[in-house]
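Reconstruct the complex from the two isolated chains, following the hints.
The listed protein sequences derive, respectively, from chains A and B.
All residue numbers for the first sequence refer to our numbering, where the first residue is 1 and numbers rise by one.
All residue numbers for the second sequence refer to our numbering, where the first residue is 453 and numbers rise by one.
One thing to keep in mind: the hints can contain errors.
Said to hold, decoys possible - Pairwise CB distance ranges (calculated):
no., chain 1, residue 1, chain 2, residue 2, range
1, B, ASN492, A, ASP235, 30 to 38 Å
2, A, GLU335, B, LEU566, 38 to 46 Å
3, A, TYR123, B, GLY604, 44 to 52 Å
Claimed, not checked - Think about it this way: if two alpha-carbon atoms lie no more than 25 Å apart in a straight line, the pair counts; the simulated PhoX-like pairs of lysine-lysine are:
no., chain 1, residue 1, chain 2, residue 2
4, A, LYS217, B, LYS544
5, A, LYS279, A, LYS330
6, A, LYS139, A, LYS96
7, A, LYS129, A, LYS96
8, B, LYS521, A, LYS96
9, A, LYS3, A, LYS435
10, A, LYS74, B, LYS521
11, A, LYS337, B, LYS521
12, A, LYS279, A, LYS337
13, A, LYS400, A, LYS440
14, A, LYS96, A, LYS74
15, B, LYS521, A, LYS62
16, A, LYS69, B, LYS521
Simulated from the structure, these hints should not be mistaken for laboratory data.
Backbone N, C-alpha and C define an ideal beta-carbon position, used for all residues, glycine too.
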Amino acid sequence: MVKVNELVDVAHGVQSKRVFWDQEVYEQELERVFGRCWLFLTHESLIPNFGDFVTAYMGEDKVIVVRQKDGEIKAFLNSCTHRGNQVCHADSGNAKAFTCSYHGWSFGADGSLAALPLEQSAYYGKFDKAGAGLREVAKVDSYRGFVFGCFDAAAPSLPDYLGEMGWYLDTWMDGTGGAELVGPPMKSILRCNWKVPAENFIGDGYHVGWTHAAAIKVLGGPLSGLAGNAEIPFDDAGLQVTSRHGHGFGVIWDGLGLIHDDPAYREYAYANLPALTEKMGPWRAKLYTGHWNAGIFPNCSYLYGTNTFKVWNPRGPNEIEVWTWTLVEKAMSPELKAEVVKQAIHSFGTAGTLESDDGENMETCTWSNRGPQTRKGVMNSQMGQINDGEHPELPGIIGKNFIGETSYRGFYRFWAEMMQAENWDAVRANDATWKDALIKGAAEAKAAERAA
Amino acid sequence: MNAPTLQSFSPVQPDETRPVDLALHHAVSQFYFREARLQNGRQARQWLETMVDADIHYWLPILEDRFAKDPRPQPTPAEPAVYNDSHDDLRKRIERLETGLVWMEDPPSRVRFLVTNIEAYHTAEPDLIGTFCNVHVYRNRRQRDETHHFYGREDVLRRGADGQLRLLRRKIVLDQRVVLDKNLYMFL
Numbered sequence: 001m002v003k004v005n006e007l008v009d010v011a012h013g014v015q016s017k018r019v020f021w022d023q024e025v026y027e028q029e030l031e032r033v034f035g036r037c038w039l040f041l042t043h044e045s046l047i048p049n050f051g052d053f054v055t056a057y058m059g060e061d062k063v064i065v066v067r068q069k070d071g072e073i074k075a076f077l078n079s080c081t082h083r084g085n086q087v088c089h090a091d092s093g094n095a096k097a098f099t100c101s102y103h104g105w106s107f108g109a110d111g112s113l114a115a116l117p118l119e120q121s122a123y124y125g126k127f128d129k130a131g132a133g134l135r136e137v138a139k140v141d142s143y144r145g146f147v148f149g150c151f152d153a154a155a156p157s158l159p160d161y162l163g164e165m166g167w168y169l170d171t172w173m174d175g176t177g178g179a180e181l182v183g184p185p186m187k188s189i190l191r192c193n194w195k196v197p198a199e200n201f202i203g204d205g206y207h208v209g210w211t212h213a214a215a216i217k218v219l220g221g222p223l224s225g226l227a228g229n230a231e232i233p234f235d236d237a238g239l240q241v242t243s244r245h246g247h248g249f250g251v252i253w254d255g256l257g258l259i260h261d262d263p264a265y266r267e268y269a270y271a272n273l274p275a276l277t278e279k280m281g282p283w284r285a286k287l288y289t290g291h292w293n294a295g296i297f298p299n300c301s302y303l304y305g306t307n308t309f310k311v312w313n314p315r316g317p318n319e320i321e322v323w324t325w326t327l328v329e330k331a332m333s334p335e336l337k338a339e340v341v342k343q344a345i346h347s348f349g350t351a352g353t354l355e356s357d358d359g360e361n362m363e364t365c366t367w368s369n370r371g372p373q374t375r376k377g378v379m380n381s382q383m384g385q386i387n388d389g390e391h392p393e394l395p396g397i398i399g400k401n402f403i404g405e406t407s408y409r410g411f412y413r414f415w416a417e418m419m420q421a422e423n424w425d426a427v428r429a430n431d432a433t434w435k436d437a438l439i440k441g442a443a444e445a446k447a448a449e450r451a452a
Numbered sequence: 453m454n455a456p457t458l459q460s461f462s463p464v465q466p467d468e469t470r471p472v473d474l475a476l477h478h479a480v481s482q483f484y485f486r487e488a489r490l491q492n493g494r495q496a497r498q499w500l501e502t503m504v505d506a507d508i509h510y511w512l513p514i515l516e517d518r519f520a521k522d523p524r525p526q527p528t529p530a531e532p533a534v535y536n537d538s539h540d541d542l543r544k545r546i547e548r549l550e551t552g553l554v555w556m557e558d559p560p561s562r563v564r565f566l567v568t569n570i571e572a573y574h575t576a577e578p579d580l581i582g583t584f585c586n587v588h589v590y591r592n593r594r595q596r597d598e599t600h601h602f603y604g605r606e607d608v609l610r611r612g613a614d615g616q617l618r619l620l621r622r623k624i625v626l627d628q629r630v631v632l633d634k635n636l637y638m639f640l
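Bound-form chain B, shown alone (with noise of 0.2 Å):
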């Protein structure tokens, strides 16, 4: 199988010679940890204006079941996708939920992420850092409604002059076909 990789949608190519040193690597696990505890504290607003980019690429491909001898190419940002969003396009999903307007979300429901599995690499470009990590998501809603979602994240994470990190490009590559949720309404 031809997995996708970030060079599908960025230039941007984790050197996996060149680990980051555990100091930086420290930085990227609670990057991870508070955004993980921002998104299950519904703090979306605060995760978007503290730590993604303004030039974020926050993508959700459409993987279709295929034959591993399928020679077609995996999916671009060109086509059809669940998430192909810019900041702009996340800030209104953020806004929607600030109306006070989504029954669905009334009471709201319970969210938490694990964060697992993280590795983090230097890339050719000094000021930014290629990431893997994993991710299962479980969503418990109106009394029993309760589902889990397991993905894995290839990010890129730039490191500004104040030395913070932001969210520069994020991947999800969802470890199901057809997803076995009513929605993915969540900052994945």
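Isolated chain A, as found in the complex (with noise of 0.2 Å):
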């Protein structure tokens, strides 16, 4: 067993670099945390009709995603109960049944095995087909749309699971209306471990005016004093936020659509602010136009404001399959929306010119770490730590600025949990005192600064 206290030092903000290389954490990961919590699979809009279905990952297992009779969405494994063959090679479709392509046995969109070849003959008749069904994924579940899968039966609920974020989520989830995915996902690799971009979505402004000086130049508007760090807005520009089980996010006000260099975006949200005030309060109206570098636990990223929307399935510990979509509100236009699809994919598609910045700096943090004696040291996440709290009226514990990495060091306190704890009971144990490593940190930051 992986000594994960060996690897995260949560009060401290640091990380060893073995967490982006090591086989041993890699395989206790895809049990522990890909093989415990909600993974992301589809949303409800990709597949409204009964069969309809879209293939998917949970960590490296390949599952099928389908819309049953009486509308529920099921998810089972991809691979026939009979020798293990994929059921089903497709990314999306509608199907009555997925037959095996190895011995023909079908499975009806229940997962129930329907039939079998030479049942009565080879079988004689006496095959417990009842008992053969594909292994079906213990919870499905979707919030507002947004469809997820847990293996764990003994898992939180999703509303649970998702937790303070829920809150913030409803923000564009539900405030008018609710929200959608446009696919089919473009799909392209990175060699890298699956946490590098998780982290880096889930926290990182500070990357932004570096790492995409070149795009955001070009793009022109209020950003493009961030190319280069020329300009860095700071205080009271945005915060930062982490929750009980690792989701976060860098918010930076006013920041939504920016990205984009057609006004219509905008001009769609501010119109909604005031019903949107009204029914979801002050901050939530603040964060609707702020843009949201974001990730729910473990594995799903999106920037709320540009509006690309990413799964990093892990296949191996460096390397990931990147599957985006596109966010949208439901309420917006068509015309709104193809718009919106296309700026999302100019900046961070599979050609994005966004997307084109971050992937070789994903990759050599991974590759580097292939030197032993570079494996050896720590990652620092320690930035903005003085400042994080609890905040009299937002869920989490907040950060103060936008650039900062509160979120990061959220995300990486819910990982050694899950990586450490024997089982879910054992994180429940956790819920009244997750937040104190993360205070300890910010009270000891604070200390140090007065002794100096």
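Below, the structure is given as structure tokens:
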């Protein structure tokens, strides 16, 4: 078993470089993180009718996500119960049955084994089909249309898993009547550990001005001053949030739509603001016109305000498959949806102007650790720690600035907790104390400043 | 399989009964070889200004793996696409490369395009030529990082009053569902 306490120091905000490299860390993640957390699968609007399906990954496990006759959504391991062959090779479609290409076993949309060739002659009519359905994913649920699955029947409900983050997500998942994803997803690969983009999206306002200097400079508009860190808006420009189960984000106020060169998205959002303020209150109204770099633990990330929505599917400790959809609000006109899709893909699609800035960094953050001496070091995520704390009106732990690493620290705090915990009961036992190490770190940083 | 065709985004159809003559086919081939050389040599600005029509539509659709009997139509440019660019969009991509701030291209990648299987046909419009070709692009970066992409192009070239060819429509059919690369920020 991996000694996780040697990998993550929550109070001091540092992580061993081994978290991006070691095979044994990865194997434990597959069991304890991907085997027990809620993982994003699809959006309900992408599989509206009975028999509609998409295929997806849950960690390294392949699954089929299918709309049932009664409207529910189920997910099954994409593996025949006979000899284990993959039963569905399409990305999406509508199917009455999934028939294995090896011996022809055929499974219904509900996962049950409907038919097998030579059932009478070869099995003498005695085969127990009832026990041979596709293995069903223990829990599938959707939060405001966003569908997640979880292999662990003892996990908390999806709303409980999202926890405080649900209050924030409702800003755009519920504020104007709902959000949806536009697909099909683009798919590409990055030769990096899955946590590198996950931590980047969840908390990194710091890299924007530097990594993306070229794209931001060409973009023009209010963001162009960030290029090369020439101007950095700081105090009161935004904040950082982390939560009980590691979900978090950084927000820059009034940043919505600034990556887009058509003002229509901002005009749409600002026109919604009076009604949204009435419905959601002033804080979420302020969040609604912000730009969020955000993550849902473990491997789902999105940029609200640029509207790219991603899953980082792990494929070994140093490769991922990137799946990218576009996030739109249901209430947008078809023309605005199309424009948002185009702009989101132009910036963060497979050939995106900002996407292509990031890949290089993510790969070498991973592969540098091939060197054992390099790997002995630690990585630093202490930025802004001195100001971390609770807020009278906002749930979770709040960092004062959008350029900070509060949500990095929260991500690794929960990662370490899941990697160590025997089961979800052991995680639940920490519900009252999860903030302590993060707050202790902030207090120590303040004390060190006073002593200096 | 209902293979995607030009029809899905352009009313201009190559007339396969009317291949262009030898001289024009030579001009078309030279157009593609010059284009490949400019891209090899990182001369995207020159490519855009001398070889691309102001009304360009440059498109790389997302083609899912679907069952052969799936009745859904092939994607159109109204749907999400990896590239769905106008002249202005392409210009902005090139401006980004010219800022001197693209760290991933410093030191620069090595890129080479091989263009083959060139077919060229007349269309119903006298000044428009419909073409097909296959491309293999190799990108080598950072000592040992190398990727290969194979794709088909379905283009419409416009012959201007000056006799020069310019790229008016490009549909790129990439032969990968999962792009086995970190990005496709290349002019394909």
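Do TYR123/A and GLY604/B keep their Cβ atoms within the hinted range of 44 to 52 Å?
47 Å, holds
Worksheet item: Is the straight-line distance between the alpha-carbon of LYS337/A and that of LYS521/B 25 Å or less?
Response: Status violated; Cα separation ~29 Å.
Open item on the list: For LYS96/A and LYS74/A, compute the direct alpha-carbon distance and say whether it is at most 25 Å.
Closed with: Holds - the C-alpha atoms of LYS74/A and LYS96/A are around 14 Å apart, at most 25 Å.
Is the hinted pair LYS74/A and LYS521/B satisfied, with a Cα-Cα distance of at most 25 Å? Roughly 24 Å between the alpha carbons, so the hint for LYS74/A and LYS521/B holds.
Proposed proximity, LYS96/A with LYS521/B (alpha carbon, max 25 Å)
Within the cut-off at roughly 13 Å; holds.
- Is it true that the CA of LYS279/A sits at most 25 Å from the CA of LYS337/A? 23 Å, holds
Going straight from one Cα to the other, do LYS139/A and LYS96/A come out at no more than 25 Å? Status holds; Cα separation ~22 Å.
- Task: Compare the distance between the alpha carbons of LYS521/B and LYS62/A with 25 Å, and conclude whether the hinted pair is satisfied.
- Result: Judged against 25 Å, a Cα distance of about 23 Å means the pair holds.
- Query: Does the Cβ distance between GLU335/A and LEU566/B fall inside 38 to 46 Å?
  - Reply: 40 Å, holds
Checklist entry - Under the criterion that the straight-line Cα-Cα distance not exceed 25 Å, is the pair LYS279/A, LYS330/A satisfied? => result Holds, because 17 Å separates the two Cα atoms, which is no more than 25 Å.
So does ASN492/B sit 30 to 38 Å from ASP235/A, Cβ to Cβ?
This hint is violated: roughly 48 Å between Cβ atoms.
(message) Given the hinted pair LYS217/A and LYS544/B, is their Cα-Cα distance within 25 Å?
(response) 10 Å, holds
Consistency with the previously given hints fails for numbers 1, 11, ordered from lowest to highest.
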